[in-house]
Every structure is written in structure tokens, then in C-alpha cells.
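Novice: Fit chain B to the known structure of chain A by using the hints.
2 protein chains.
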Amino acid sequence: MELLKVDTIEAARDKLIQAMTEKHPEIIELNLLSAQGYIAARDHYSNEQVPDFRRSSVDGYAVISSDTAGANESLPVFMQIVDEVIMGNPAKKEIHTGECAYVPTGGMIPKGADAMVMVEYCEQFDRDQIAIYNAVPFGKNIVYEGEDIKKGDLVIKQGTKLCSKEIGVMACLGITKVQVYKPYKITIISTGDELISLEDKPSIGKVRDINSYSISAMAQNQGFDVLQTMVINDDEQALRKAVSDAIKVSDIVVISGGSSQGKKDATKKIIDELTGEGAFTHGLALKPGKPTILGYDNKENVLLVGLPGHPTAAILVFELLIIWLWKYITKQPEEKSVFAKITTNLAGAPGKTTCQLVKLIKNNMEYLAEPIYGKSGLITSLSSSEGYIIIEQNKEGLKKDEIVEVFYL
Amino acid sequence: MELLKVDTIEAARDKLIQAMTEKHPEIIELNLLSAQGYIAARDHYSNEQVPDFRRSSVDGYAVISSDTAGANESLPVFMQIVDEVIMGNPAKKEIHTGECAYVPTGGMIPKGADAMVMVEYCEQFDRDQIAIYNAVPFGKNIVYEGEDIKKGDLVIKQGTKLCSKEIGVMACLGITKVQVYKPYKITIISTGDELISLEDKPSIGKVRDINSYSISAMAQNQGFDVLQTMVINDDEQALRKAVSDAIKVSDIVVISGGSSQGKKDATKKIIDELTGEGAFTHGLALKPGKPTILGYDNKENVLLVGLPGHPTAAILVFELLIIWLWKYITKQPEEKSVFAKITTNLAGAPGKTTCQLVKLIKNNMEYLAEPIYGKSGLITSLSSSEGYIIIEQNKEGLKKDEIVEVFYL
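Chains as they are written, first to last, in this note's numbering: chain A, 725 to 1133; chain B, 725 to 1133.
One chain only, chain A, in its complex shape (with noise of 0.2 Å):
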């Protein structure tokens, strides 16, 4: 009964990360424009100060602030236009007591100038007479420089997903080439001889092949290079010679079915004898998952994922461990959740951690997690969830009523 020697996932973690030390993901660079959604592979600290100049965050007049003192609604101050600064050019004239200059948004702010008062309280009397019915204080709507960023400042971490802010930031600072991770190559083939294509109708006993597709869109949505998903029946010279071929230009071959102790599986033996020094995991103490294989070739430094056929087990312990390891070696942070009520009692597994599908329900402010039931291997169960809960395999279970933390799946 080997199957009950199984590691935890911390454990199966744990020997994941020492088994990839010497992987360390490629690094590329892109344009700025096409970095969308990639991580950046370093720390990026600014080279210069942004604003380089003080800037107007408003419409409207440069004024010195003691000047609008007192001035409101029904009792405007007078000013003296005595100049018109041009957006993209410096500001040339000085401001003296009881002058002022138009500045638009983002344009520079005059010497002697203190404060921006805005357009809309603002009346033009004639070309150059203007009455200004807002006391601003002291550097009212104005950026002072390095106000945004200084020199120095650490302005993207090495880890961060790329997204709009950060492209926003790294544009500001004229950074045009950005490095990141190269997301992993990855094969996925699913074993057995139950399994048809898409396109054929079941005859008793088939059922569709699931988790080349599932998996797939999963590895897609990390940004993987998914270049080969295929179906292979349980054929143990097919399915070697497709783990051998697939070895050599992927990162990571997943092999899902065939790895549960039935008569035919032949996954172990496989990676067994294709990573030489042979599987390191064998098993999870996780529900659902226990039947998932884990080994590193260290020739051709490609890992090999033996994942439960079961498309639920499936998605989850791709999702635990392998979208859990690149995250982890990329350096990306601590994963976006959310606090969840749980709707009803529920037990944990002895010995094993249990990972519950649950189902979200906004209500008067707060999220309910509700457990979706059904039996492992129901398609259904998985597609009507929205996210997952871990109960530790210490933990006896989780009372109604309790706050669990939901992960997105």
C-alpha cells in the first residue's frame, strides 16, 4: 500500500523548491507596451525625481497665498495678470505681491508664486485685471518636486504582476525595456484508455478527456506556454516515448490520470525511471489530490507532475503546487483573498488537509462561503465554485458561522 506514504503539501512544497533550485526561470525583456500581466524579474528604483519642476494640479492662477486672504464669494481680491505660462515650457516671469499668472494642469508654477487658485473661482475683468473670489493656503494645488517620486525610491518590487499602475509608473520614469520572468513551457497530457477527443460521441464506458483543456486554460491564464496538450491511452510505451519527446523542450510535463493505484497506471514508473534519482513525492495527504506524483529530471532540468485524473484533484493541485511554485519563485506576493463566513458546519479529513470548493454570497456586507458538495470527480461541483478553503489537516473542522478565507480559483 504505497500510496499511504504521502507527504503533506508543505513537505511536497518543500522538495518542490529544492528540487527547482537550479532552475532558475529565464529572464526576458519586453517593451513596456507588452509587459501587461508579466512579473518583473527586479527591483526598479527610480533615476530621477518626478515632478522635476513644481507643477499645477489644477486650472487656473498662480498667485502668492497671503494675497487671496479673506477673499470669498462676495468679496473678491484683485490681481494683475502678468503672465501666461505655456504647458511643455518653463514658467519665465517672476510673481510679485498682487500679480498672478495663468497656469494650466501640469504646467510649471512661476517663481514667487505659493499657490494655485482654480479657474472656477476665478473673473476675468480684462486682459490683464482679474478678481479672485478663494482664499487658498499655502501650496494649494500645487506638486512640489520629487513630491510624486524622489531619487532613489524603490518604484517597482522584483515579483509584481505588471498591470496598468505599474505600467503607468515605469512610463513616468522613461523606463521603455522591462525585465521579467519567462513564464514556463509546459506539456500536458492526459492518460487512459477511457479517454475520447472532443469531437466523438461516448460510447459506453468513454468519457470526454477534461483536463488537457482545464489545465490548460489554467497554465494560459498564468501566462504559461502551453505548447502541446495531447491524449494518450494507457499504453505505457506511447505514453513514454511522449514524456521523453515532451522532456525535451518543455519546462514542465503534466500528466494527469493514470496516477491512482489502478492496474494499468504506468505515471510512476515513468517518472521513476525518466528523472533517474525517481519520483520524490508519491502521494498527497490532501482531499482531493492524494494520487499526485512529483519528480525532477535533473539531466534535461525539466519537472515531471503526475496530477490525479480526476478533473476537481486536478485543477486543485495544479492550482496548490505548480501555480503555487512559480508564484513562489517568481517572487510574487501573498495571494488576494477574501474573509468568508462559513454557512454550515463542516468536518476536516484525519491526517489529511481538505481543500473545500465553496461558492460566495455577497450579503448586507459581508461574503458567505457556502461548502458546494458532490462527489470527487463531479465536473459540476467544480464549475458552480468560485474559490476554495483549506482546512488543515490538525484542525478538526470548521464551525457554521466561523470566518474562513476563500482563495479564488
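To be clear, the hints were calculated from the coordinates, so they are not data collected in a lab.
For chains that are exact copies, the list does not tell them apart, and a pair is met inside one copy or across any two.
Here are the simulated DSSO-like pairs of lysine-lysine, each with C-alpha atoms no more than 30 Å apart in a straight line:
(1) Lys1083 / Lys885
(2) Lys1083 / Lys1099
(3) Lys739 / Lys965
(4) Lys729 / Lys747
(5) Lys1055 / Lys1083
(6) Lys835 / Lys925
Specialist: Okay, now just chain B, sitting in the frame of chain A:
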């Protein structure tokens, strides 16, 4: 002071929907393996039942459950092995009392049998004799016909984002082609004499163009087809030409900057001209985001959007109006959000909806939302935030420790 005649977010959304009634998004057909991240354009019902035969969810022996009554670790019951079901093939022999048949995970349950005993609880003595150490109830480890999916079940709702779970369900049902909404084609134009390209070192008064990068990244993240991004000086002629050209090929043309009440602002004028009917929104009662202009070209069926020049305001308005519109039109379900405790009192803005950037902090099974302050236009206040909260215009403000809904940005 025309900018004071502003629309609420709700009014602007209503006008957007009205303008777009004639412009149904196109529907395209994709191969299932390429559909990851797209939005389903119609409901999908099942034409089949899943599974189509009684299936085992474990490796083990199919038995008549009443035969196992009383079996336990010290007192097995003994049974005759009469068959081995081959994966992917029909089960041939019927099981009678005292008999059992080996069935692999996913294999067909023979007639007569009504439960499965996991192989871990069995010990084979000779070719056709087995000891069973576990009493199983009726139906144990069996998935019944149609238990997963019934004929006629709604399996994928219109508006669903197709990810691993949904693609898995479709694979299971043999759906190889899927109809999805064709994402918008968008052109993004930044305007302003102060803008220089990323490669240039800003001279005094100039800044690098941020918005075409950040808005492009947001659009890409929704799957939009970003046709072109460009920077145009404050030259009405050049801007009119660029927008006219873009209208011919785009679904949406975004012009950022040039929409506040500065002296050189041509965006409103050009949107008025090119839409025939004129812009329908001339400002938003939103902080930040007031200088927003919306118009619709009825002849070419193109939405014209003038975004604020401030990077934060531009991103927020694009999120609250354009991405909102895409999600509304493609019938996507409500946004994923997080409830969090606000860490400080927060004032609203009279007569305006406030969109406040926040950072999320995990704290003992709850999230705290910490407002990110900073003058409008600071790119770092954007990059250090994780999401935003909305303070409705009729709300005075928020009290410290009040629960708020945070939307990811």
C-alpha cells in the same frame, strides 16, 4: 462655467447604454483551447447526461453493499472475483451475492453491484478470492447516470468569463467551438504640449506620457484589441485628423488630457463636431474625474471618450465607465470585491461621488482598507494602492472602522 453642468456616474452610465443600444458587440467563434479569458456570448445547455453510465470514483471492487455488512479491519468478509472491468469498456458480467469485480477509477459499474470498496481496504488471496475489510453503504463511491450534468442543464451562462472550470465543463460535453464576444477595438490618444516620448529626458516643463501606457494595459487586461497608442500635441488640426482616422477602424477612441477647462482644450470641440449630435456628457460629478467628455458617432458607431489628463483620474474613469460598459453589455456578473474596515474617518465631497484609492492590509482574519492620500495626479498614490472605494454623493463621509466594499483596480 460650463463644466459645472456635470453628470453623476449613474447618469453618464445611462447615457452610455442608450448611445450603445444600436452597437451590439460582435460575436466570434473560437476553438475551446483558445477561449481562455473570453466572455461567453450565449447560454450553453447540455445535450447529454454526464456521466452516461454508472461510474466508479475509486480504484477498487464493485460489490453488493449488503454483502459487506459487518466487515472491519479485524474481521474481513471474503468474496469471489468474477470479472475485471477494463477502462473505457462496458462492464460485461452481472454481480450476484458473494461476488465482486475489479473496477478502476472512472470505470463502469457492473449490473447488480451497488457500491465500490476502495482497493486500500481489500486484500487479494488468489486469482479469484479477496478479503474485504470495510463495510460500504449503498451507492458508496459510485457516480450515477446524470448525477453530474442532466440533459438540458444550463451549464455556462451568457456573460461568464471562460476559465479553467468553464472550459473543463465544455470539454466534458464535447463543445469544441464556443461563441464569445469580440473585444472592443480601441485607439488611445494622449494630448498635450507638455508630453514627450518615454525615450526623452524631460526638459523643464515637460513630462513623459503616462496615460497611453496605463490605459492600454487596462484595455489589454480586458482582452481589448489596442489598435494604436499615440501622443499628439495641443494642435486642434492634428488631433481632429488623428481622431477622424481612428474612428474609421475603432469601436472606441479615447483621448486623454485636453478635456479640462484649459485654454487650449480642443477635445470637447472635436468630439462635438465629429459626433454630429455633440458630446452627451460634459463632466462627471466624480472626484477625481470631473473633466470627462463622452460622445457617440452614430454614423460610424464609435464611442468617443475624453479622459482627464491626470493619470489616476484617467484610470478611474476608464474603469468606472468604459470597462463597466464592456462588462454591462457582455452581461458579466457583478464585480469581485472585498469587504474591509476603513482605518480612518474619511470625508465625502458635497455633490460628488468620491473614488478613494485604498491599500488592503490583512489583519487577523479581516482586511483593513487604508486610504492612500496624495494630491490628484501623483502616480505613486496610484501604484501603492490595490483598489478603490466609492463614497456616494449623498453620503457625508465614512467613520473609522466602518465596513466598506473595496474593488480591485
